[in-house]
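A.B. asks: Below, each chain spelled out in residue letters.
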Amino acid sequence: MTTQSLAEDREIRRITFSHKLNRWDVKISPYLYISPFFILFILTGLFPLLYTAYVSVYDWHIIGGQGDFAGAGNFEWVLAQDKFWVALRNSFSIFLISAIPQVILALIIAAILDQNLRAKTFWRMGVLVPYVVAPVAVALIFSNMFGDQYGLVNNALGRIGVDPVGWHSQVVPSHFAIATMVNFRWTGYNALIFLAAMQAVPRDYYEAAMLDGAGRVRQFFSITIPSLRPTLIFVIITSTIGGLQIFDEPRMYDTTGAGGASSQWLTITMYIYNLGFGPAGGGQFGRAAAAAWLLFLIIIVVGLINLAATRTIATSGSRSSK
Amino acid sequence: MTATTERPAPLTPARPPAPAYKTSRRARRRAKAIATNKPSTLGYVFLVVVILASLFPLYWSFLIGSGDSSTINRQDVDWMPGGNFLSNAAKVVNDPSVNFWKALTNSIIVSTVVSASVVFFSTLAGYAFAKLKFRGSKGLLVFVIATMAVPTQLGIVPLFIAMSQWLGLSGNILAVILPALVSAFGVFWMTQYLSQTLPDELIEAARVDGASMIRTFWHVGVPAARPAAAMLALFIFIATWTNFFWPFIILDSNNPTLPVALSLLQNNFFIDYSIVLAGVLLSTIPLLILFVVAGKQLVSGIMQGAVKG
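Chains as they are written, first to last, in our numbering: chain A, 45 to 366; chain B, 2 to 310.
By construction, these hints were calculated from the structure, which means they are not laboratory data.
Mixed in with the good hints, there may be bad ones.
Unchecked claim - So the derived label-pair ranges between C-beta atoms look like this: (1) 145/A / 289/B: 50 to 56 Å; (2) 252/A / 219/B: 33 to 39 Å; (3) 175/B / 165/A: 37 to 43 Å; (4) 121/A / 144/B: 32 to 38 Å.
Backbone N, C-alpha and C define an ideal beta-carbon position, used for all residues, glycine too.
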């Protein structure tokens with residue numbers, strides 16, 4: 045080999061080295077950027093979830109730790125408890141009483157906000173105020189207003205000649221009170237989500253409908269609602285996931301956290317909490333983990349049913365508009 | 002948008018004449034209102050009612066919180082606030098078992114650390130997912146989205162075992178901070194934003210100029226992500242500030258966050274609601290101030306997230 049070609053060779057090698065470095069930079073950087081998220085998420089999110097399945101098949105207590113293998117024993121025990129089924133009923137009841145009026149009211153508010161209002165930002169911010177009040181705070185305020193004896197609501201009902209309602213002592217009224225707390229905090233928030241989706245609907249649609257002689261109500265049902273389909277699905281799915289896990293509001297509805305004398309407003313998450321960490325009969329980690337997995341499965345099933353239902357409803361709506 | 006709202010007026014004469022059926026004046030006025038999309042008085046009235054209903058519970062807690070223990074036991078409500086708010090607030094702040102100042106400090110520390118961490122890691126991962134090409138990016142992003150639907154609080158039993166029995170962090174705010182350091186929602190949010198707003202050309206230009214990957218991220222990605230990062234920080238801050246379930250399990254009265262302190266307050270003063278509701282207001286004031294300062298961004302954040310979500 046000549047000296048010249050040796051020098052050339054060295055030059056090329058230098059280029060390929062920095063080139064290689066650059067290629068490694070391009071190849072590895074993306075993984076470096078996403079790895080902090082995935083490592084932390086696996087440790088603090090995924091691991092606890094999977095480990096719950098492990099704990100759920102053992103006799104596991106807060107003091108003694110891991111005990112004998114129990115198989116499906118914890119699940120069978122939970123499913124045999126009356127309280128579990130009462131809590132399931134309560135969670136569904138509170139969820140339905142809150143979700144349905146909330147979505148309807150949020151749609152109406154959004155439809156009004158979607159018009160050419162003066163001081164738009166003021167109204168939009170106004171409906172969002174409850175969002176910054178913590179659920180615990182909301183629960184304390186409303187449990188006072190819904191007091192059985194001297195509560196504001198019962199006083200007001202008394203004025204118009206209605207007998208006082210047992211907002212704490214009775215099943216349906218207590219669900220109504222708790223649903224009211226949820227609606228207070230989330231209606232405005234959801235209205236803004238719907239508003240954003242409404243503003244994405246092309247105005248030509250409305251102009252065309254108007255030329256065809258459709259009134260506001262008709263336009264709302266034939267254009268607005270069908271166009272909102274993806275947003276409706278999103279809101280309903282997220283409120284299902286959140287609603288069936290409700291804890292803060294019912295927990296703070298009285299001081300004991302038992303969910304009322306006859307568990308009238310005990311929810312599933314409260315039931316899990318009481319099994320695992322409650323003052324009386326707590327520390328049953330195996331059973332609490334089993335109940336948590338059951339709740340997880342229920343949420344998935346209900347979420348899928350809601351997804352299917354929302355799809356059909358919104359699709360048939362858009363078909364009738366054509 | 003503005004083009005369509007401004008157009009109708011000048012164009013009307015050019016339109017073919019309307020069919021010659023008779024319309025009442027009212028119907029015509031209605032049609033005009035629909036065309037300009039002007040709200041009716043009823044619309045304004047409805048909104049006023051909604052906003053009054055949104056503010057009423059806060060006013061109610063001020064009414065009760067500024068009275069004394071006898072106020073709530075009266076049949077007829079006095080709609081003017083009493084003069085005891087400061088003395089009730091002092092009782093809240095001075096109650097040794099509630100630890101109000103400690104709770105306030107803890108809430109500020111936890112919310113700040115958590116939102117800073119979530120924003121940092123989400124921007125980093127979101128940038129990679131939105132703008133960099135790598136093997137498995139699609140599958141991993143789907144994984145992130147799927148985990149958003151999984152309620153992580155269902156893992157509380159192992160989380161308690163790990164934090165309390167393995168790491169000995171029971172009663173320590175680190176136990177609240179650690180599980181909240183990253184958020185799948187945050188990654189999804191930043192990915193969406195960056196993939197829609199940051200042009201590939203900017204990144205290529207920086208790369209052609211010889212900037213390394215991390216330099217490109219820092220000087221091109223981060224500035225572009227700033228608006229979305231600010232909104233994400235707001236959401237995470239509020240969510241962390243109001244979070245109750247996990248702190249309630251792992252923290253105790255010696256070292257609470259504000260929501261946990263409120264539950265202690267309810268336990269101690271469950272007969273005297275004037276003190277409980279004064280505490281409720283005290284704990285809400287910081288977020289109300291935040292809302293006054295950043296409420297506009299919060300509104301636009303919700304509306305942006307909605308369009309994409």
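A.B. asks: Which numbered conditions among the earlier hints are violated in the structure presented, ordered from lowest to highest?
C.D. replies: Going through the list in order, the structure violates hints 1, 2 and respects the others.
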